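Participant: Taken in order, these protein sequences are the chains called A and B. If you count by my numbering, then the first sequence holds residues 115 to 407, one letter each, in order. If you count by my numbering, then the second sequence holds residues 4 to 296, one letter each, in order.
Please note that the accuracy of each hint is not assured.
Simulated pairs of lysine-lysine, DSS-like, Cα-Cα distance not exceeding 30 Å [unchecked claim]:
1. LYS170(A) <-> LYS182(A)
2. LYS395(A) <-> LYS72(B)
3. LYS395(A) <-> LYS182(A)
4. LYS85(B) <-> LYS72(B)
5. LYS187(B) <-> LYS395(A)
6. LYS296(A) <-> LYS182(A)
Non-contacting residues of chain B with respect to chain A, defined by C-beta distances greater than 12 Å in every case (computed) [unchecked claim]:
7. LEU75
8. TRP260
9. PRO273
On the chain A side, residues computed to face chain B include the following (Cβ under 10 Å) [to be verified]:
10. TRP122
11. LEU131
12. PRO351
13. SER376
14. TYR394
Treat the hints as calculated values from the structure; they're not laboratory data. Just so you know, these numbers come straight off a predicted model, no measurement behind them. We put the CB at the ideal spot given by N, CA and C, even for glycine.
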Amino acid sequence: MSSKRYIWWWVLPAAILFLVIILVPFVTALTYSFRALSFTDSTAAGQYIGADNYRKLVFDKDFYNSFKVTFLYMFPAVIVQGLLGLAMSLLISGVVRRARILIPIMLLPTLLTPVVIGLVGVLTLNPEFGVIGQWLNRSGLIKEAVLGSGKWALPAIIAVDTYQWTPFVAVILTSGLLALPKEPYEAAQVDGANRVQTFFRVTMPLLWPYFVVALLIRVIDAFRVFDIIWVMTRGGPGTVTETVAVYAYRHTFRYWDLGYGSALIMVIFVFISILVEYLYKALQRWQGVSSSA
Amino acid sequence: MEETITTSTVQEEIYKPRSAQTDRLLRWLTYLLTAFIIILFLFPWLWVFSLGFKTRTEILSPNIVWIWKPTLDNFNEVLLVKGYWRLILNSLLVAASAVLLCMIIGVPTAYAFSRFPIPGKESWFYMILTFRMAPAVVLALPLYVLFARTRLLGTYFAPIIAHITFTLPFVIWLMRSFFEDIPKEIDAAAMTDGYTRAGAFFYAVLPLVKSGIVAVTLFSIIFSWNEFLYGLILTSDTTRPVASQIPSLIRPHGTLWGEVCALATAASLPVAFLIFALQRQLVRGLSFGAVKG
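Extracted from the complex, chain B is given alone in its bound form (with noise of 0.2 Å):
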């Protein structure tokens, strides 16, 4: 059935014209395995989310409850009462500062990788990506040793520090592939006309690669957003982002399902609306810049 649908799909003009009635058997196989794709992706985080309107008893019912009247009690105790929005403020904070720092400095770096003759331009990439690829931990034990010598641990700087280590990497990587793509006669041009290298730069390039900018600074915020290990060990409680405390909030026994999930709704909505937001580039940005288009 596969084999039917792709290359017929892919190759729409080059098979022999299809019956009606083959054609109609498709366009139904379409919509199915749509509704299908989209059960399987959302079913199991709807499920997840859905305990956090539910009471403990509902949650720990041996049958599953179907149908209940949702509660807001969960988002109430664990954001208002037990105070974790600021947690929630927290990730907010880390994500802009590091993102923000890192464009700022990212861009200008990238335009310069892909127009001037860098001497080990490429080797310079190769160790970038290797620091970016390398498990967490890698850098987590020297940074943790950083901070610990000139007391920043616990602070806000160390996480936002820690995240600028794989979120600079990345930015400048996509948008040098976001400059690559800007002919390099218009830098020339705008030279011709009188502009200096950076007055070419701002005023003529930047405005062309403006959905490439706004692609990379959501996709840092998300990345930043998600990240676990630094922004457990090297904060303390209050400075804590929030997907670094969701995992403490699970223990052996007696853990208050219905808060953790109700956080964790809490956490994800923002990310879940930058997805959406993504579309476009979702394919670019996730691959690395990688993928062309």
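Chain A extracted, bound-state conformation (with noise of 0.2 Å):
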């Protein structure tokens, strides 16, 4: 047996799979954005209908509502987390040796079932008996019910994925911090800079990877949002916390249009995939793949 047909047995099972739970699916919803199918309107039984999907995509201000609400989720969310993270990890750093236990602490939020993360919004945010919302209520801050209000549904949503990611951005930006080569900063100190000087021109440039990569996950996962959303606001009130993934959802296991649901999630994915294509090279710069591919 020659090795080049030995090496196909070692990815065979996994590309099999591969196939016919994802690729196969896929490209069937890829034919199906091409079609009238809906479950709730008998007319669209699946006859072809060309692009009039994707039309209908272009016309309807729904979508870009909730494109515009997921970034205006997304930038505030990744920019307040990225400082936060930032200057949580030049805290941390120093104590992270002596105190381990406080990482898995940090990452609670993180990690925890996003379902309950939610949940723990929704419970501190009631305006009744929750230990934010009640105190937002008496102190006068906001008069309504957070998660209710049109004003403050999606700061309250960017507040929580806030508490949830910071501690995933600091603990990547403290492995780079301890990470850090020692050698540019004695020449730093040789050549007289100051600590300000040597934060911005010794420090960030070298951080700067990490940075890059902890943001890149974070956009992302701003885009694939859903669980914590769908318990705390239904994407309400009406479309104000409506994002992408809430808004497919919507059209797909709510309305039951399967084929501009198709179509929709056909346009996230060519989304998704150019947002990946930066991951992935920043990924492949920081880690040298490409040199042992």
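From the two separate chains plus the hints, produce the assembled complex.
Facilitator: Spelled out as structure tokens, the structure:
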């Protein structure tokens, strides 16, 4: 047996599985996106309608709204988490060696069931008996129920998201800080740089790749977000917190419009592949995967 | 303040020796910070979990009850009387089956990716990563159609297959990075000793990545346990995993918060336990194997 053919036995099971449970269903959905297919409308029984679903999508106000909401949620969340995560990593990088227990505690919000963190959000923000909601209400800062308010629902979700993900950014940056080489600092000291200069000229450039990867992961995840929003507001009030993923869910598993839903997920998929390409390049540069390929 | 702590702790040896007084001050700041982080990240969980041990009146009291006599009534009612303990078993069954299958298939594949010149290797990785990073709804619709056609909707089979779609890429991705840390000379030495390639993999390389395998397994279990959307739409009331059921217990009016919190506590404890077991590998697993170390 030639060694070339021998290789395939190693990857064959995974390849078959990938083909059967991911690629084939996905391509099926691609064909649905060119059909009229709905469980709630008997006239839409799977007939070919060309690009009509995509045309409908282009003129759908709610579709644009969902992208707007996603970005309104993504940018503040990622920026705040990036800055807070950096501050936190700078603070804890000195502590971490002595207090290893900090890392798992910090990562509780990131790793514990998202549905339950949504529940934490719902309950702490409850205006009648929630620890934070009650305080907001009594102090007169926010008079209404936070999650039922068109003005405050999205900021509240961003706040919960920040609570969940800042530690993740901080932990990645901390691992970066602890891995920084010593020589540039010695050079900076010889050159008589003060601490602020050292930070901006030495630490930040060296930390930058870690920063890029952490933020890219956050951007992609902000695009994925569903569980927490579903638990906290279900996209409401109205469509104020309806992100792309929630919008796609509404059209597929609420309205059962499979044709239109398929077109939607194709657009989302194209969007994600662009984001992932950037992430993948950043990872390769960082890890040197390309050199071993 | 941040500035002082960081640069001084990261680069302790380089900067001028500090006075004993500054040293003591820094140590106290460290303790204070540690305490602050622990409180900040534990308090919201503890508060929500505490509701599971309160009666309805205590929960809904307009003045938050800080001291009370803990009751197990909520746990008894939701787990035993209403029979939701089954959902926890469902979660366990789905996670265990999906992860076991993914480890058996994924680990050899990851090894092949780390050792053999597979054509188009990086493109495959890029594609796998894209599917892994897309919002769950992108694959949920195709999978729903697949299972509806094969009459597998509502069986345990459906969520297990669905969880494989995100577990398998994770296993392959992370295990590959563990294998790449093992020098190829080890395989070569084993094969000179008369082992076949499979024998070298099994007896020489696999024992060296044992801790990696444990970490990847536990991580995969956490992600499967936490999953929400597939568990919701592909299952029936009897086969649904616990995380997917929790949001439907939250209603606009008359939610039994005590029971919801009791169920959330029961569902979170195993994950919290795993997070502490995974301390060393947390960073690597979370960043998808991107961060070395």
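Participant: Taking the hints in turn, state whether each one holds.
Facilitator: Results of checking the hints against the structure:
Distance check on the hinted pair: LYS170(A) and LYS182(A) sit about 18 Å apart at the alpha-carbon level, within 30 Å; holds. Under the criterion of a C-alpha separation no larger than 30 Å, the hint pairing LYS395(A) with LYS72(B) is inconsistent with the structure, at around 56 Å. Our distance criterion of 30 Å between C-alpha atoms is met by LYS395(A) and LYS182(A), whose separation comes to about 27 Å. Simply put, LYS85(B) and LYS72(B) have alpha-carbon atoms about 24 Å apart, close enough for the 30 Å limit, and the pair holds.
Of the pairs offered as hints, the one joining LYS187(B) and LYS395(A) holds, with about 25 Å between alpha carbons and a cut-off of 30 Å not exceeded. Note on LYS296(A) and LYS182(A): the hinted pairing is violated, with a Cα-Cα distance of about 44 Å set against a maximum of 30 Å. With a minimum CB-CB distance of about 19 Å to chain A, LEU75(B) clears the 12 Å threshold, and the non-interface call stands. At roughly 7 Å, the least C-beta separation between TRP260(B) and chain A is not larger than 12 Å, which violates its mark as non-interface.
In this structure PRO273(B) is not separated from chain A by more than 12 Å, as the shortest Cβ-Cβ distance comes to only about 10 Å. With a cut of 10 Å, the hint placing TRP122(A) at the interface with chain B holds, because the nearest CB-to-CB distance is about 9 Å. This hint holds: LEU131(A) has a C-beta 6 Å from the nearest C-beta of chain B, less than the 10 Å allowed. Against a cut-off of 10 Å between C-beta atoms, the interface hint on PRO351(A) is violated, since the closest Cβ of chain B lies about 12 Å away.
At its closest, the beta carbon of SER376(A) sits 6 Å from a beta carbon of chain B; the interface hint therefore holds under the 10 Å criterion. With a least beta-carbon distance of about 5 Å to chain B, the hint placing TYR394(A) at the interface is held under the 10 Å criterion.
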